[in-house]
Structure formats: C-alpha cells, structure tokens
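**Q** If you want the building blocks of each chain, they are given just below.
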Amino acid sequence: MLKINDLHVKLEEEDKAILKGVNLEVPAGAVHAIMGPNGSGKSTLSYVLSGREGYVVTGGGATLDEMDLLDMDPEERATAGLFLAFQYPVEIPGVGNMTFLRTALNSQRKARGQEEMSATDFLKLVREKAKTLKIDADMLKRPVNMGFSGGEKKRNEILQMALLEPKMCILDETDSGLDVDAMKLVSEGVNALRDKGRSFLVITHYQRLLDHIVPDVVHIMSDGRIIKTGGPDLALEVEHNGYADILAETV
Amino acid sequence: MAAVAQPKLDALSARLAGLSAPEGGKWARAARDTARARLEVMGLPAPRDEYWRFTRPATLNAPEPVPATVFDHSGEAPVFGAIDRLKIVFVDGVFDAEASDPLALSGVEIEPLDEAARADIHWAREVYGVLEARGQNPVERPFATLNTAFAREGLVIRVTGKAAQPINLIYRHASETSDALIHHVVKLEPGADLTLLENGPAAARLNKVLEVEVGEGANFHHVRTQGRAHERQAVTHIFARLGRESTFKSFTLTVNGLLTRNECVVEMLGDDAVAHIAGAAMGDGSRDAFHHDDTVFVTHDALRCESRQVFKKVLRNGAVGAFQGKILVKPGAQKTDGYQKSQSLLLDEDSTFLVKPELEIYADDVACSHGSTSGAIDEEGLFYLRSRGVPEAEATDLLVIAFLADAIAEIEDAGIAEDITGRLEAWLKRRRG
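Protein chains in written order, with the numbering used here: chain A, 1 to 251; chain B, 1 to 433.
If you are wondering where the hints come from, they were derived from the structure by calculation, not from laboratory data. Take these hints with a grain of salt, some might be off.
Claimed, not checked - Below, computed lysine-lysine pairings styled on DSS-like, alpha-carbon distance capped at 30 Å: (1) Lys141/A with Lys429/B; (2) Lys153/A with Lys124/A; (3) Lys110/A with Lys341/B; (4) Lys249/B with Lys429/B; (5) Lys356/B with Lys335/B; (6) Lys249/B with Lys141/A; (7) Lys162/B with Lys87/B; (8) Lys141/A with Lys341/B; (9) Lys134/A with Lys167/A; (10) Lys184/A with Lys134/A; (11) Lys196/A with Lys184/A; (12) Lys20/A with Lys3/A; (13) Lys124/A with Lys429/B; (14) Lys8/B with Lys87/B; (15) Lys3/A with Lys16/A.
Computed from a predicted structure; not experimentally measured.
All chains should be built: construct the whole structure from the sequences, respecting the hints.
**A** Okay, structure coming up:
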C-alpha cells in the first residue's frame with residue numbers, strides 16, 4: 001500500500017533537515033502507529049505525504065500502490081486514496097460543512113470518472129454516517145469547523161474519512177485535545193473503517209489512543225528517522241519508561 | 001465658499017452643450033430648473049475633489065460616452081428569472097412599454113417619469129430632486145444633480161400596501177453609444193412593503209438616480225446586479241430617507257464593467273429605523289480594466305437606529321476596488337448602532353484596494369465601528385480543501401464565494417440570495433475556462 005523509501009525532507013524557508021531518511025512500509029489492511037517525542041518529524045511526514053507546501057524533498061520517495069505520491073497535487077493524492085486527518089482541522093468561514101463534504105466527495109468521484117452523487121443521495125449518506133459519530137444536524141449546517149469544539153473537529157475529520165472511503169488514512173495526533181469519551185467515539189469511528197483493503201498510519205505522542213485503535217506495528221521516530229519498530233508492546237514500553245531509554249539504546 | 005475650480009465648470013459647460021431639458025409640467029420644471037441652478041455652481045467632479053481621488057471622473061464627465069460593445073447574454077438564464085415578478089424593461093435607458101408587463105400591481109402605483117412630469121401637480125414633487133438635494137451636503141454629488149436636471153426616463157412608484165410581487169427593472173443595452181440618464185422615485189407609505197430588483201448593463205454609459213422615501217414602519221428591499229458587459233461605465237446614486245421603524249435594505253452585485261461608481265446616501269430621520277447597505281463586487285482586470293467604487297454616506301439623525309455597511313470585493317489581474325464609507329451621527333442621535341465593514345480579497349499582487357472609512361460622531365451614547373481588511377486567499381483553507389480532493393481552482397472559487405458570503409447574507413429573500421450566489425459561481429467557473 002504505502003511505501004516510504006529513504007525520505008529526506010527539509011523546510012523550504014530555511015536550510016533545516018527535518019526528515020533524514022525515513023523508511024516505512026504499510027501493507028494493505030494494516031494499522032501502523034508512529035510514536036515519538038516532540039520535534040521528531042512525525043507531523044512533517046504526514047504533511048509531506050499529503051502534499052502541503054513549505055517542504056522540499058531532498059532525497060528518497062514515497063509511493064501509494066506504486067504511484068509516485070510526491071509527484072502529485074494534494075487533490076490527486078486524495079483521489080488516489082490518501083487521507084490525512086488533521087491535527088488542527090482548518091476552520092473555513094462561509095463554507096457550509098455540507099457543501100464542503102459534498103464538494104469533496106463529488107470532486108473525487110468526478111476525478112475517478114464516476115457520476116456525481118445527487119443531493120438527496122448524499123444527504124441520506126451523510127446523515128447515516130454522521131449518526132454513528134454523534135454529529136448532529138447543526139454541525140452539518142455550520143461553516144466548516146467554525147465554532148466546533150476540539151472533539152467536534154476531530155469527529156468531523158472522521159466523518160470525512162467515512163464519506164470519502166480512502167484506502168490509506170493518516171491520523172495526525174487525532175487524540176490531541178480529546179477527552180476520554182471523545183477519544184472513544186473517534187476510535188470507534190476509525191475501527192469501524194478498518195478493512196482488509198484499508199491501511200492506517202496513526203501518529204501519536206501517547207499510548208492511550210493505541211488502547212482503542214490497536215496497531216499491528218509500532219514505530220518510534222526520533223530526529224527524522226525511524227529508530228525502532230516493534231509490536232503493540234513497544235507502545236506500552238514507551239508509556240512506562242518514556243522515550244529516553246529507547247533513544248539511549250539506539251545511539 | 002471657495003471658488004469652484006475652472007476645469008470643473010468647463011467640464012460642465014461642455015457636458016451641458018449636448019443636453020436638453022425635457023418637457024414637463026409645473027412641478028417637474030421647477031425641480032429641474034432648481035437642479036440645474038445648483039449644478040452650475042458645483043461644476044462636474046475633478047480628480048482633486050476629496051471624494052474623487054480614487055476614481056477618475058473623466059469618462060463620466062465627457063460630453064460623449066466611450067462606445068461600449070453590447071455584451072452577448074444569449075443562452076444564459078435571465079437574472080431573477082426564477083422569481084415571480086413584475087418586469088419593466090428599459091432599452092438603452094428608455095422605457096419600453098411593449099417589452100414590459102402592464103404597469104399594474106396590487107398595492108403599488110407605477111407611472112413612467114415622463115408622464116408624471118407632465119402633470120401640473122404630482123406627489124412626486126415631494127421626493128424628486130428633494131432627497132438628492134438633501135444628499136449634497138456636506139459632500140457634493142454633481143452627477144446626481146445633473147441627473148435630476150436632465151433625466152426624462154425613469155419610474156415614479158408609490159407603494160401603499162404590501163406589493164403583490166417584486167418589481168424587476170431590466171436594463172437592456174442595445175446601442176454601442178447609448179448614454180442613459182434614468183431617475184426613479186419610490187415612495188413607500190407608512191407600513192408599505194416593496195422589493196425592487198434591478199439588473200442589466202443599461203447602456204454604454206449610465207447615470208442613474210434612485211430616490212426612496214421609506215415611510216413609518218415601511219420596508220424597502222433592493223437587490224441589483226449591474227450587468228456583465230465588460231465595457232460599460234456607470235455612476236449611480238441611491239438617496240434614501242427613512243421614517244420611524246422603517247427598514248431599508250439594499251444589495252448590489254457587480255461583476256465586470258470598466259468603471260462603476262455606486263453612491264448610496266441614507267438619512268435616518270425616524271427613531272428605530274434600520275438601514276443595511278451591502279455590495280459584492282468581483283473584477284478581473286485582464287480583459288479590460290475593472291474599477292469599482294462604493295461611496296456610502298449614512299446619517300443617523302434619530303434615536304436607536306441601526307445601520308450596516310457590508311462591502312466585499314474580489315479583485316484580480318490589476319482590478320481596482322475603492323470604498324469610501326461614512327457614518328455621521330448627529331447630535332442627539334443617541335443609542336445609534338452603526339457598523340461598517342469593507343474587505344477585499346486580492347487574488348494577485350497586481351490588484352488594488354483603496355479604502356477610506358470615516359466615522360463622525362456628535363452623540364455620546366452610541367456604538368459605532370468600522371473594519372477594513374485586505375488579504376489574499378487563505379492558504380491553510382486551500383490546502384485543507386485540496387487534501388480532500390477538491391481541485392485547486394474549484395477550492396479557490398469556494399473560498400471566494402465564502403469570502404462574499406456575509407455581503408450576500410444581507411439579502412433577505414433566500415431565493416434571490418441563491419440566484420445571486422449562482423451567478424457568482426457561474427462567473428467564477430467561466431473564468432476557469
């Protein structure tokens with residue numbers, strides 16, 4: 001599914017390397033987690049994969065089902081099946097959430113040569129998906145993420161994921177700003193989407209999210225590289241001992 | 001009084017040489033003669049005039065209009081076409097009875113200006129040129145005075161109840177050299193209610209005045225689109241006087257046009273009146289120039305009145321937008337709630353937005369504010385949309401519409417607002433090619 005090969009990335013604005021040779025492979029149907037201390041490059045990785053401006057790839061590459069991701073526009077990556085659940089979902093005043101969701105879905109359908117979904121069919125679909133995420137009619141009517149609480153914003157991200165049905169989902173610190181109940185709700189939403197054709201890359205600081213979304217593989221990232229890979233136990237180890245031990249043993 | 005600069009007077013005599021006063025009865029003759037006398041001491045606008053620094057008046061002053069190609073709208077659904085309305089058509093600024101619906105509408109009396117002007121006595125004398133003259137102080141608006149003195153076309157509308165339908169004035173442009181002077185008078189009697197829709201480019205050059213007297217508890221809603229003709233030039237004035245507990249709401253959509261100057265002068269004379277003036281303009285300087293100027297003057301002269309000015313402009317490829325907006329709160333106009341917002345979205349570095357917000361307040365218990373911003377498209381929002389699969393051009397358009405949303409929100413009727421939004425979307429889509 002997703003293959004990252006010796007990826008080197010620096011900031012566009014300054015000569016500062018952020019990713020220093022990331023290697024990672026997420027097979028179809030797998031859930032991988034990336035953990036790591038602040039500033040290790042986790043969020044940069046998610047932005048570079050989804051095509052955000054401001055980064056320069058200085059070496060290596062990334063493919064999604066053999067397609068060169070880094071050569072594509074953000075919208076092409078989305079259409080190819082990549083989805084980033086933002087750490088800080090963006091507020092867009094003036095654009096209704098429903099309009100946003102429908103435009104996104106129909107843009108992707110159009111790009112894939114499928115027929116656009118009618119307003120009625122879309123309404124039915126969105127209501128059904130929204131219900132399980134406890135997203136009420138008001139949240140659908142309001143401008144995108146405007147006046148949403150932290151938890152509502154994250155649920156709205158998962159709603160988008162559920163509607164767009166991507167094959168490769170990257171969750172960038174989806175647990176940040178969530179209370180226990182909200183985290184449970186979001187995790188249930190994600191788990192409902194787990195499928196043998198769909199992969200996940202879950203980026204998080206803390207192990208607690210991984211109690212709910214149980215990963216197959218856990219990677220530890222530090223200073224722009226993946227320094228250790230293991231099973232779900234690795235996350236528990238971090239939870240108990242912090243990153244210091246792992247960092248020390250790899251130096 | 002300072003002497004009027006000679007070039008202003010010279011411009012006026014050159015212009016007057018090509019104009020003749022229309023025939024009229026007693027009241028109209030008096031109103032026109034007075035206007036002409038007022039005009040002769042003003043002269044025409046000059047670039048040094050305080051309120052003409054952002055917009056060059058030369059082509060509006062000139063004796064002849066610059067010819068303008070007639071824009072081909074064929075194959076497009078007419079503006080307001082889905083709304084049940086009374087249609088009144090003007091071609092190159094001349095009332096076309098054949099093309100119009102009969103001037104009959106329950107709750108409303110409608111007459112062509114020409115007919116009303118021939119009567120010796122007419123109620124319109126209390127409004128025609130009267131509101132315009134009041135609006136000359138403290139800022140002169142010579143084009144409006146010229147209009148009062150020489151316009152022979154227009155409508156005189158008296159609303160006595162709730163109008164059964166909106167009135168839609170459709171301005172067709174047929175001749176490349178047409179130079180239109182249109183003057184409408186609308187009087188809403190106490191408690192009356194009218195929606196006035198206007199659309200179309202009107203002429204190669206248009207000078208239009210709309211005077212509106214809004215009686216006690218009356219409601220006036222106004223929505224206009226100024227026509228997509230690229231080469232048209234226009235100077236328009238709205239003069240409104242508001243009675244107690246009355247409502248005045250005016251929204252203007254402008255896309256294209258070489259030069260558009262829209263002035264709106266509102267005087268709130270009755271307590272608890274509400275005035276909302278809004279505009280959305282989108283200009284692309286790539287095909288021809290685009291210069292759009294909104295000049296607004298709201299006077300609070302009563303208790304507890306609310307005024308809103310919401311003006312938004314989207315500019316690209318060297319387009320120029322200007323906004324001059326003033327809120328004047330007279331002594332004693334306590335509990336005034338006045339607000340003014342002027343914003344531009346600059347889609348490139350070649351476009352310009354010029355702003356002059358003014359507040360002048362002589363009462364001590366008021367809430368008045370203004371906000372003016374100028375910015376580029378929000379990159380964060382753009383990336384968010386693109387990351388969901390929305391192509392860049394469409395995502396940009398979505399953000400443009402979103403930027404204009406709070407001006408469009410000033411349109412009360414949902415159907416009309418939808419029509420306007422649809423026009424904007426179509427315009428943006430055409431630009432994408």
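**Q** Hint by hint, note whether the structure agrees.
**A** Evaluated hints:
In summary, the hint linking Lys141/A to Lys429/B is supported, as the alpha carbons are separated by about 24 Å, within the 30 Å threshold. In summary, the hint linking Lys153/A to Lys124/A is supported, as the alpha carbons are separated by about 21 Å, within the 30 Å threshold. Pair hint Lys110/A plus Lys341/B does not hold up; C-alpha atoms about 38 Å apart against a cutoff of 30 Å. Under the criterion of a C-alpha separation no larger than 30 Å, the hint pairing Lys249/B with Lys429/B is consistent with the structure, at around 29 Å.
Between Lys356/B and Lys335/B the alpha-carbon distance is near 24 Å, which keeps this suggested pair within the 30 Å criterion. In summary, the hint linking Lys249/B to Lys141/A is supported, as the alpha carbons are separated by about 26 Å, within the 30 Å threshold. For the suggested pair Lys162/B and Lys87/B, the alpha carbons sit about 17 Å apart, so the restraint of at most 30 Å is met. The hinted pair formed by Lys141/A and Lys341/B meets the criterion: a straight-line CA distance of about 25 Å does not exceed 30 Å.
Annotation: proposed proximity of Lys134/A to Lys167/A holds, straight-line Cα distance about 23 Å (limit 30 Å). Note on Lys184/A and Lys134/A: the hinted pairing holds, with a Cα-Cα distance of about 12 Å set against a maximum of 30 Å. A hinted pair counts as satisfied when its Cα atoms are at most 30 Å apart, and Lys196/A with Lys184/A qualifies at roughly 22 Å. Only pairs whose Cα atoms come within 30 Å are accepted, and Lys20/A paired with Lys3/A is accepted, the gap being roughly 16 Å.
With a CA separation close to 28 Å, the supplied pair Lys124/A and Lys429/B stays within the 30 Å bound. The hinted pair formed by Lys8/B and Lys87/B fails the criterion: a straight-line CA distance of about 39 Å is larger than 30 Å. A hinted pair counts as satisfied when its Cα atoms are at most 30 Å apart, and Lys3/A with Lys16/A qualifies at roughly 24 Å.
Checked against the numbered hints given earlier, this structure breaks hints 3 and 14; the rest are met.
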